[in-house]
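Listed in order, the protein sequences are those of chains Z, L and H. In terms of our numbering, the first sequence opens at residue 1 and continues consecutively. In terms of our numbering, the second sequence opens at residue 1 and continues consecutively. In terms of our numbering, the third sequence opens at residue 1 and continues consecutively.
Mixed in with the good hints there might be a few duds.
[Said to hold, decoys possible] If the Cβ cut is set under 7 Å, some of the chain H residues that face chain Z in the computed set are: (1) N24; (2) G72; (3) Y107; (4) R108.
Hint data in this document are derived by calculation from the structure and do not stem from the laboratory. All C-beta atoms, glycine included, are put in the ideal place defined by N, C-alpha and C.
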Amino acid sequence: MFLQVILSGIVVGGIYALVALGFVVVYRSVTMFNFAQTEYYTLGGMLFATFLARYQLPLVLAVLLTMVVAALVGILSERLAFRRLLLLGARPANLIIVSLALAVVLRSVILLIWGTDARQVPTLGNNPIEIAGLLVTPQQIFILGSTLLVVALLHLFMHRTRLGLALRATASNRTMAGLMGVPLTSMLALSFALSAGIGALGGILVAPILLAQYSMGQAILVKAFAAAILGGLSNVQGVIVGGLIIGLAENLAGAYLSSAYKDVVAFAVLLGVLALRPSGILGGRTEEKV
Amino acid sequence: MSTKALWASAFLAAAMLSPAAAQSQQPPVLIGVVGDFSGPVAPYSTAALQGAQVALDELNAAGGINGQRIQLRPYDDRNDPVEGATIAKRLGDEVLSVIVTSGSSPALSMGPVLNRAGLPFITTLSSNPAVTESGWKYANRLHLSDRHQIERIIQHALDTDKLTKIAILYDTSDLGVGGRNIALKTLEKRSVKPLVVEGWKQTDADFSSQLIKLKSAGVEGVIIWGAVEGAVRIAQQMRALALDKVQIYGGGGLVSQKFIDLGGSAVEGTIATWAYLDTSTPIVTALEKTFESRFKSKLDIFGAQGYDALRILAQAISTAGTKPSDRPKILEAIRSMKYQGAVGEITFGPDGENIRKIYIARLKAGKFSVLD
Amino acid sequence: MTGEVLLSLRGLTAGYGPIAAVRNVSLEVRAGEVVTILGANGAGKSTTIKAIAGVIRAWSGEVYFAGQRINGRASADIAKAGIAVVPEGRQIFSDLTVEENLMIGAYRIRDRATVPRVLDEVFDIFPLLRERLRQRGGTLSGGEQQMLALGRALMLQPKLLLLDEPSMGLAPRIVEQMYVSLQKIVDKGMTALLVEQSVTMALRICTRGYVMVNGEIVRAGTAAELAETDLSGSYFAAGDAGAAA
Ligand SMILES: Nc1ncnc2c1ncn2[C@@H]1O[C@H](COP(=O)(O)OP(=O)(O)O)[C@@H](O)[C@H]1O
Ligand SMILES: [Mg+2]
């Protein structure tokens, strides 16, 4: 039973991490929290359900198309909602309010298109395989594999490509990056495209087991937020650890105490970690060196 | 949905403009029909109103109530409890008696107001036990209460399926918590101790910690009481933990196309109570014919309950009288009648709860059918 | 000895909030020249550099570069046009490695095959950077960071270098080395606009210069002319790097 609880904690934590990663990608480059992030996750679930179940597209095509559309929505949100404010150097409070408003707008559009009904999405396989006494479904393997793959690809992108380098330079010193010829506007668009694409992938991965529904983003918002904070906000590895900790904490609490304590324990862990390490689990590293 | 809403409003307009009152010498007997005619549960309320409309025409064609015509007055509460309470305050002055086709939350906000006004009323949609358990003398229910459904499903699990290792999963809404409490009491009376009792929030998506408990406890059957989406997620995730041999039991809410479509193969075999409409009886066959040719939609249990509700009120009023001061006698008449209607043979208990057979259904090959 | 006009400011006024930090500044830099702007702390030198590079917007006046008006453009476009900046305080990307700092300079190079060659040219001038490639920028010493800032700017293969107080905060010995490297760059034909408080160093390398006081140009002249003027007394604060050197 213990291992089974750990496994499901890891799977859930992986999803939290993936959505939190979207938060972090934007936070790193513009130091703002985009609360509309979880709506890209919802959008991912809904689009994927539509492409797969309604238009019968092949799996890979449906995944790619969903991520591309979500990325475009990300670019559009940056262009329409944030760019002016970001270029003017608006205060964080204003950006937060705009991102909350954007979340409401996106949710309304999703409601308009898809309504309140939940949608069923075919899974890659929901019949468990037994591995060393542990029950694992193909869908769970798919979730973990995709999460790892995305983290690895993101890391490669950030560290091995010219665009990734430009993004990191912009995150490190926006003015200086501009002086080096890195166009800020493109970097903003790129950050939002990446974060929305990654968020949508989260939605794609969970839709088959949790159903796609307009409210799925709201349901995960606080957990993903906590994972991002726990991870130190600007650190990819940190966010993975943050997501896993939240996922494991709530599953262990649910299994050994009561499911009524799932959320409470997850947040208690968040508060505890922040009390000991105010900049997150791995977030302290950068600060110490400066 | 939107076409349904359109239908409902067109229907409302027609009902309001009904010239019946003007033609008759005597003032008509006014019956209020409160319901959600433009909100989330509009399809159910509308069906009940339409059923009542069919009954109305039959009754008036047969001479009304001792020569007095009956007239229906619809009120739209949009499934909003505040709106419901506001409407309820006016009803004592405007109508003799009321049919409440609303969902549980407006029904519960109207209940005390109607009761204080001494207005006999019949609800046709709410399953919340509070409708008949809040001490509202004038309340009557013509639908299945959660209490009876849960007692029935537990009886089926213990006696017919002979299971003893039972778990209860409930969502933390009023409905879910109410269901859990009834289930716990019912099991206690049968001296069965549930092995797992766990809740979930409606926004919850991951049920693994609850389900792992089911697994390690070796549960044979699980009673799931809550919204359809949650029940579907549970069923799907049970499968992922190889819990597909565990029998799922639920309430009437699960007997819906939505549950079947969302759940797919994961919900096969689900057993649930069913507000079943037996379409083979002559009374239903006739009603179905009129209803479907007139409204171009299929007769369901709610349409039938709306039909029966008006007929019950009319029968009670005809023995008690049509003056506001006759209302206590109308209530008495409802409680003492034995009525043969579309939904079967019905009597009302002293608490206003209708006593009738509750069917058990089983989902097999994507279709619910009566098991017992 | 000098070519056509590369950079020209005409009546540039710019500032922060309601306050104009530079007023009506006009100056010219011709291809092949090293022009200096001398002035005390707070005179408006950095503001002038920032306005040219597009970090802040000019309120009025014009900036022409290679015949094109560039004020109002984004700094990335100005960089693309051929102006590279070594900013005040160096502004190294501290969490990026030395190599990455340099590669950012190469961001706009279309023909990626030339990048190693450009990199080699930078290493020729600053051999130390080659040894520090994997080190994070933030961990370098002040002098090393200044080399990196210069090397990074050279990666842009600019037509014009804007240097804002490259000697600031460095030990005299390091400043000496810096200027030797700078001389090498200039000898290869680089055009530069050099802002300094360190008069000695600046006048040693420049061909011409301007003196800025309270946001305005008060004097212009050749290096020799400026050297003869007494600049230290009224214009410069005590303890500046030039006086110390
Ligand atoms: N970011 C800023 N905001 C407001 N005022 C500034 C800013 N930067 C510089 N100033 C002011 O503008 C004037 C010129 O500054 P600056 O151009 O940095 O001078 P210098 O580089 O010659 O030392 C000074 O009075 C300074 O206080
Ligand atoms: Mg300065």
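Taking the hints in turn, this is what the structure says about them:
no.	hint	verdict
1	N24	25 Å, violated
2	G72	14 Å, violated
3	Y107	5 Å, holds
4	R108	4 Å, holds
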